[in-house]
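Please put together the full structure from these sequences, using the hints given.
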Amino acid sequence: MKNNKWGLILLGLAIFVIGVTFPFWYGKEKTAPPALSLETPEIAGSADKKCVEDKAFMRANHMKLLNAWRDEAVREGKRIYTAKDGRTFEKSLTGSCIRCHSNKEQFCDRCHNYVGAKPSCFDCHIVPAEVKK
Amino acid sequence: MTPNRRDFLKIAGASALTIMTPAIFVPAWAKNSIVMPPGQGLAPQKALAAKRWAMAVDLTKCTANCADCIVACHAIHNVPEFGNPKDEVKWIWTEPFASVFPGESPAYSGEKLQKMRPPVFCNHCENPPCVRVCPTKATFRRSDGIVMMDYHRCIGCRLCMAACPYGARSMNYRDPRPFTAKINPDFPTRTKGVVEKCNFCEERLAKGTLPACVEACRQKALTFGDADDPRSDIRRLLETRFSLRRRAHLGTGPQIYYLL
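Note that the protein sequences, when read in sequence, are chains Y and U. Letter by letter, the first sequence follows residues 1 to 133 in the working numbering. Letter by letter, the second sequence follows residues 1 to 260 in the working numbering.
If you're looking for bench data, these hints aren't it; they were derived computationally from the structure. Don't be surprised by glycine CBs; every beta carbon is placed ideally from N, CA and C. Heads up, a few of these hints could be off.
Below, a list of computed lysine-lysine pairs in the DSSO-like style, where the Cα atoms sit at most 30 Å apart [what the hints assert, rightly or not]:
#1 K50/Y - K207/U
#2 K104/Y - K50/Y
#3 K61/U - K115/U
#4 K64/Y - K137/U
#5 K192/U - K78/Y
#6 K115/U - K78/Y
#7 K84/Y - K46/U
#8 K30/Y - K78/Y
#9 K78/Y - K51/U
#10 K104/Y - K207/U
#11 K118/Y - K137/U
#12 K207/U - K78/Y
#13 K64/Y - K115/U
#14 K192/U - K49/Y
#15 K220/U - K61/U
#16 K50/Y - K64/Y
#17 K64/Y - K220/U
#18 K182/U - K207/U
#19 K49/Y - K207/U
#20 K90/U - K137/U
A few chain Y residues that face chain U, going by a derived Cβ cut-off under 8 Å, partial list only [unchecked claim]:
#21 L8
#22 L13
#23 E42
#24 R70
#25 R75
#26 G77
#27 T94
#28 S96
#29 C124
#30 P128
The following label-pair restraints were derived from C-beta to C-beta distances [stated by the list, open to error]:
#31 E126/U - P128/Y: 21 to 29 Å
#32 I18/Y - D87/U: 53 to 61 Å
#33 L38/Y - K207/U: 49 to 57 Å
#34 G156/U - R70/Y: 17 to 25 Å
#35 L17/U - W6/Y: 30 to 38 Å
Have a look at this one:
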């Protein structure tokens, strides 16, 4: 009777651990992060091919950067951004980001779809290529 | 076994100390790296600046059946055309003289004044009631006097529409994009559930150009400038000509001056 009780407890624990960790191991090798396309005429034509900040920073923090840009440009009227290396940019989603990354569907959307993020930027902001279509 | 008072206090003290442990011993994986974007914000150099932006509308020059200012403004700012007066979105529009100036009813005024439909705008009030009622601070007053909207923050509660005595604010009851004839990519559209109004073309001022309506007016009836600067064109006009403001008795301090 006593052994049986421990067996049930361990079985229950095993099911619990499998259930909790399921999202971490299921599909681990089945989907690969999407390849983001940098093939736009603007990027091909630019000499240094550098984003506002370095790639790792942008990949991790672009949403924080955009939120800071939004608040500073709209509410404080500060519309020029000075990057770490001293280059300056206009704080504008359509005017700066989308000017280079004009392929929203191959750049923004691929990764947002992969991670299930649904930013509402483009409910209002405009991708010029989509308007011309 | 029941613990005595001394043991109980020891255990309680030790437990309280453990609360501080995470603050002292932080494992690397638990560090939350809050990264603030580097660099500082600047205002563009060529931007037009003022202490108090204001506009004068010369009603002696404004002609009937002309909508140049409205067309230019609405095209640049992607103002939708729903084709339904209940859903109408307007940044500039016209109203009969009697409803623009309900307090002013000259008894034997000429036919010209009676039939006139002056253009009306957001008045960019000195003391804006819309700013006072906005629960999210989506509408705010800039230091240069522009009453501006941060569409990102608007929750569509429409308190500002109820508060504005000029009807200068319009709600997007439907998604405006399909109803915008030609989308100007340089200015965002709005989305369903967001209120909008004239912004004194602050996006153009930042680039160093005058508001679209002022540039579009062929009669040169619109004068835009710094009312706080004694040498500005608008200030000279206001000092030499007689002007009316819409419902100034309400204490809102409207900054659109109608020259008669």
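What are the numbers of the hints the structure violates, in ascending order?
The structure breaks hints 6, 8, 13, 14, 17, 21, 22, 23, 28, 31 and 33; every other hint is satisfied.
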